[in-house]
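**Student:** The listed protein sequences derive, respectively, from chains A and B.
Using my numbering, you'd call the opening residue of the first sequence number 10 and step up by one each time.
Using my numbering, you'd call the opening residue of the second sequence number 10 and step up by one each time.
Hint data in this document are derived by calculation from the structure and do not stem from the laboratory.
A hint or two may mislead.
The list cannot tell twin chains apart, which means a pair is met if one copy fits it or any two copies do.
[As the list claims (entries may be wrong)] Computed list of lysine-lysine pairs in DSS-like fashion (alpha-carbon distance at most 27 Å, straight line):
#1 K391 to K316
#2 K448 to K390
#3 K448 to K30
#4 K448 to K391
#5 K272 to K223
#6 K390 to K316
#7 K391 to K30
#8 K116 to K88
#9 K88 to K30
2 protein chains.
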Amino acid sequence: MNEPNLEYHPERFAEDFERIKSLAEHLLPVYADLRADDSGVIDNQDYQDLIAVLHELHPADTAAVLESLPLQERVLVWKLAAPEEDGEVLLEVSDSVRETLIEAMGKEELLAAVEDLPADELAELAPDLPHHVVSEVLETRDEEEREQIRSALSYEEWQVGAIMDFELVSIRADVSCEVVLRYLRRFESLPDHTDKIFVVDENDVLQGVLPIRKLLVCDPDDEVGNVMAREVVKFRPEDDTEEAAQAFEKYDLITAPVIDENKRLIGRLTVDEMVDVIREESEADMLSMAGLQEEEDLFAPIIDSVKNRWVWLAVNLCTALIASRVIGAFEGSIEKIVALAALMPIVAGIGGNSGNQTITMIVRALATGQLSAARIGLLLKKEVAVALTNGLLWGSVMGLIAFFLYQNMGLGLVMVAAMTLNLVLAAMVGVLIPMTLEKLGRDPALGSSVLITAVTDSGGFFIFLSLASIFLLG
Amino acid sequence: MNEPNLEYHPERFAEDFERIKSLAEHLLPVYADLRADDSGVIDNQDYQDLIAVLHELHPADTAAVLESLPLQERVLVWKLAAPEEDGEVLLEVSDSVRETLIEAMGKEELLAAVEDLPADELAELAPDLPHHVVSEVLETRDEEEREQIRSALSYEEWQVGAIMDFELVSIRADVSCEVVLRYLRRFESLPDHTDKIFVVDENDVLQGVLPIRKLLVCDPDDEVGNVMAREVVKFRPEDDTEEAAQAFEKYDLITAPVIDENKRLIGRLTVDEMVDVIREESEADMLSMAGLQEEEDLFAPIIDSVKNRWVWLAVNLCTALIASRVIGAFEGSIEKIVALAALMPIVAGIGGNSGNQTITMIVRALATGQLSAARIGLLLKKEVAVALTNGLLWGSVMGLIAFFLYQNMGLGLVMVAAMTLNLVLAAMVGVLIPMTLEKLGRDPALGSSVLITAVTDSGGFFIFLSLASIFLLG
Numbered sequence: 010m011n012e013p014n015l016e017y018h019p020e021r022f023a024e025d026f027e028r029i030k031s032l033a034e035h036l037l038p039v040y041a042d043l044r045a046d047d048s049g050v051i052d053n054q055d056y057q058d059l060i061a062v063l064h065e066l067h068p069a070d071t072a073a074v075l076e077s078l079p080l081q082e083r084v085l086v087w088k089l090a091a092p093e094e095d096g097e098v099l100l101e102v103s104d105s106v107r108e109t110l111i112e113a114m115g116k117e118e119l120l121a122a123v124e125d126l127p128a129d130e131l132a133e134l135a136p137d138l139p140h141h142v143v144s145e146v147l148e149t150r151d152e153e154e155r156e157q158i159r160s161a162l163s164y165e166e167w168q169v170g171a172i173m174d175f176e177l178v179s180i181r182a183d184v185s186c187e188v189v190l191r192y193l194r195r196f197e198s199l200p201d202h203t204d205k206i207f208v209v210d211e212n213d214v215l216q217g218v219l220p221i222r223k224l225l226v227c228d229p230d231d232e233v234g235n236v237m238a239r240e241v242v243k244f245r246p247e248d249d250t251e252e253a254a255q256a257f258e259k260y261d262l263i264t265a266p267v268i269d270e271n272k273r274l275i276g277r278l279t280v281d282e283m284v285d286v287i288r289e290e291s292e293a294d295m296l297s298m299a300g301l302q303e304e305e306d307l308f309a310p311i312i313d314s315v316k317n318r319w320v321w322l323a324v325n326l327c328t329a330l331i332a333s334r335v336i337g338a339f340e341g342s343i344e345k346i347v348a349l350a351a352l353m354p355i356v357a358g359i360g361g362n363s364g365n366q367t368i369t370m371i372v373r374a375l376a377t378g379q380l381s382a383a384r385i386g387l388l389l390k391k392e393v394a395v396a397l398t399n400g401l402l403w404g405s406v407m408g409l410i411a412f413f414l415y416q417n418m419g420l421g422l423v424m425v426a427a428m429t430l431n432l433v434l435a436a437m438v439g440v441l442i443p444m445t446l447e448k449l450g451r452d453p454a455l456g457s458s459v460l461i462t463a464v465t466d467s468g469g470f471f472i473f474l475s476l477a478s479i480f481l482l483g
Numbered sequence: 010m011n012e013p014n015l016e017y018h019p020e021r022f023a024e025d026f027e028r029i030k031s032l033a034e035h036l037l038p039v040y041a042d043l044r045a046d047d048s049g050v051i052d053n054q055d056y057q058d059l060i061a062v063l064h065e066l067h068p069a070d071t072a073a074v075l076e077s078l079p080l081q082e083r084v085l086v087w088k089l090a091a092p093e094e095d096g097e098v099l100l101e102v103s104d105s106v107r108e109t110l111i112e113a114m115g116k117e118e119l120l121a122a123v124e125d126l127p128a129d130e131l132a133e134l135a136p137d138l139p140h141h142v143v144s145e146v147l148e149t150r151d152e153e154e155r156e157q158i159r160s161a162l163s164y165e166e167w168q169v170g171a172i173m174d175f176e177l178v179s180i181r182a183d184v185s186c187e188v189v190l191r192y193l194r195r196f197e198s199l200p201d202h203t204d205k206i207f208v209v210d211e212n213d214v215l216q217g218v219l220p221i222r223k224l225l226v227c228d229p230d231d232e233v234g235n236v237m238a239r240e241v242v243k244f245r246p247e248d249d250t251e252e253a254a255q256a257f258e259k260y261d262l263i264t265a266p267v268i269d270e271n272k273r274l275i276g277r278l279t280v281d282e283m284v285d286v287i288r289e290e291s292e293a294d295m296l297s298m299a300g301l302q303e304e305e306d307l308f309a310p311i312i313d314s315v316k317n318r319w320v321w322l323a324v325n326l327c328t329a330l331i332a333s334r335v336i337g338a339f340e341g342s343i344e345k346i347v348a349l350a351a352l353m354p355i356v357a358g359i360g361g362n363s364g365n366q367t368i369t370m371i372v373r374a375l376a377t378g379q380l381s382a383a384r385i386g387l388l389l390k391k392e393v394a395v396a397l398t399n400g401l402l403w404g405s406v407m408g409l410i411a412f413f414l415y416q417n418m419g420l421g422l423v424m425v426a427a428m429t430l431n432l433v434l435a436a437m438v439g440v441l442i443p444m445t446l447e448k449l450g451r452d453p454a455l456g457s458s459v460l461i462t463a464v465t466d467s468g469g470f471f472i473f474l475s476l477a478s479i480f481l482l483g
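All chains, full assembly: derive it from the sequences and hints.
**Tutor:** Right, dumping it as structure tokens:
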């Protein structure tokens, strides 16, 4: 994609944004279904204005507008957006919004939208397109491209092979820089983000890379083999995209070669894809911690939202029921000292909060590769020490308050002990949950916020009520 | 920074990693303070091995190793790492770890570490360096660089001016591509990430940019003015780095010019800095939601961890106390029906969980610019509808369970009503908290997880206990 044909003015974009929204809202009641009757529409000033604004937008901006519109307005705007950019826009929007857009398109529109896309981008869209559209598009491509698309589709979403692109420039090591420059001039344009040219032998085996920065300053008579970098960061199609993204981040890469098991160059990774991986990865962690299954279209039908959220709500209900049975077991104690019912949520609550702090820190450290599962012992020691400190500190404060509220010294002391113990429990579980998930090869963020609260609730109630039963009623 | 002189093998790096850790652990008891007695050390094989591994690492890898080591081992490794890369490593590590490394260095070591850094990187380190070191370093720089450093330091951390770099290549519009190529060849090397050359007039006013991709394919006789792109995405030093990062992400940029109020070119932004901004921003959101003030050194002294966490723990205690007083107000009802004590945490818990789902989704949408505060009405409607659906669904399940447990029909119905109402409350507050913070220009993630739990706890207890008091005891 080229650079946008507009200056970057966030304010101006925000204005366009509001403009599009209000135009779409005005038009909606009149032309809910534009296909049914297009004749009278042309004279409508709002309609003309909306098209004019939309056709000036960069595809990425069109995508942003579509994301933030409710379903009906979204479909209306989508029908009026510049059709020659439909493919780019589909690539930019999130999965859930893409689905709603594709649903609104006919077969011919879909074919037109994807016909100019390069192989890697077509492969990215293919899983979301109707089957017959995909097979029809494939027929228009040559054998090489079909092979590339099939290859991309054969990898999992999280693998390098699924997101690498196939447009690249490669040269031989035994030519001079002068020859390379002349060779490049024969291109109409170079692939996006070309910061290096790949050097291969006659079997396409990767020999090294020639950074453009070097090419531009080298002596025209120098041979590529003497100027190129031989040790390069390279990837395999089976590699994890998150690890590739971390390598891009660490080593400040713009592009990197992808090679097959015979070290033959088969594609390249570009930093713009890696930026998306980083963004998606940290979003997925955040959603996952809160117990959401996937990124949600903000204006999804209610049923979709309910589906996205029900699993962890159900888990939460089960754990809440357990906590409730823990309390139920101490109903006798509560009948005798009803203050216990009022104080027990404090013990549970601070445990949940503190446990969430620990778990968030660890999920983050695991995601950035700062932490390996081997450091578990050391971390446990530290987190327990922090919990002990906080427990004695805040436990004493709450113990005093409980003492003043209920004029019961024993109750105050039980409060101190219960809070300290529950914070220690929270610290241990806050370390163990994500580290164990990581060791098992699972996503350490998975529902961690729900799980830690489950433990600190049941644990907190049990610790507090049993201490109270033993020392105040025993 | 150049590309690392090693192939990217995550496994190999992991091996090095473990190697360094175990060597450091072995060496620690013997050479806790290497400066005190260096003479006997040289013969130690572990010592030699550790140095050998460390000197092969890329600075970014050294930084990753240092992040994951406990304090004493970290200082030991730091002293043995390749000193010529000290500056790069300091730039790579997180703020909290940087502090521990700088503390371990003498004045001469610090001066040596930063002497070769370009102006923008020196400015990035300056706030963390001892004052006398900064002033001594500044004396070694020429007037232009001192001015650049002063300028960078005059901006806030979150502004483009603080992270832009000053190394760039600029040319005039009235020369031919041939001349540009010859001009570039006079450089020893081009600045990192040079994907475009900036075209300026005699007053340094930005006229356009010449992408290297175009330069390489254009006719040598073409004039730059005819080949360059005139409309470019450009930034002002006062701009927000997060907005700049979003623009880089949207428009797939590698570098972009920064101009002053007279449109004069003063620096450039590069994608590697933007990747860091994106990573830091999403991390900060995650930490902030959980009520952590800042990224924490995993092996920070306990006192630092306590300080980082106490504010939100204290807030949580206050809100828990309020929830406790709400329960306290209904002690009479609980004495009569002790089952209320066992059931009330279920109502509060599911509200907290569901509210967290809502708030997480909204914080994420606000962060990626998908959502503007103006859509609040529409979102409220949708979230309340989702909450009503979930409330009636899961409320009925729990109502039935409560009925079977306690053989009390009224209790079951109160349960259904209370859960539904608390989920609706959670939905409304889950939308309103982040949207209001955003409207006020505050960070929408700020402690949002703690705040939502506060509302759903107190609210849940109040709704459930007052419904029970009215319908079961009234």
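**Student:** All hints, please: hold or fail.
**Tutor:** Evaluated hints:
| no. | hint | verdict |
| --- | --- | --- |
| 1 | K391 to K316 | between (39 Å within a copy, 14 Å between copies) |
| 2 | K448 to K390 | within (19 Å within a copy, 42 Å between copies) |
| 3 | K448 to K30 | between (48 Å within a copy, 19 Å between copies) |
| 4 | K448 to K391 | within (20 Å within a copy, 39 Å between copies) |
| 5 | K272 to K223 | within (24 Å within a copy, 31 Å between copies) |
| 6 | K390 to K316 | between (40 Å within a copy, 18 Å between copies) |
| 7 | K391 to K30 | between (52 Å within a copy, 18 Å between copies) |
| 8 | K116 to K88 | within (14 Å within a copy, 65 Å between copies) |
| 9 | K88 to K30 | within (14 Å within a copy, 59 Å between copies) |
Consistency note: the structure conflicts with none of the earlier hints.
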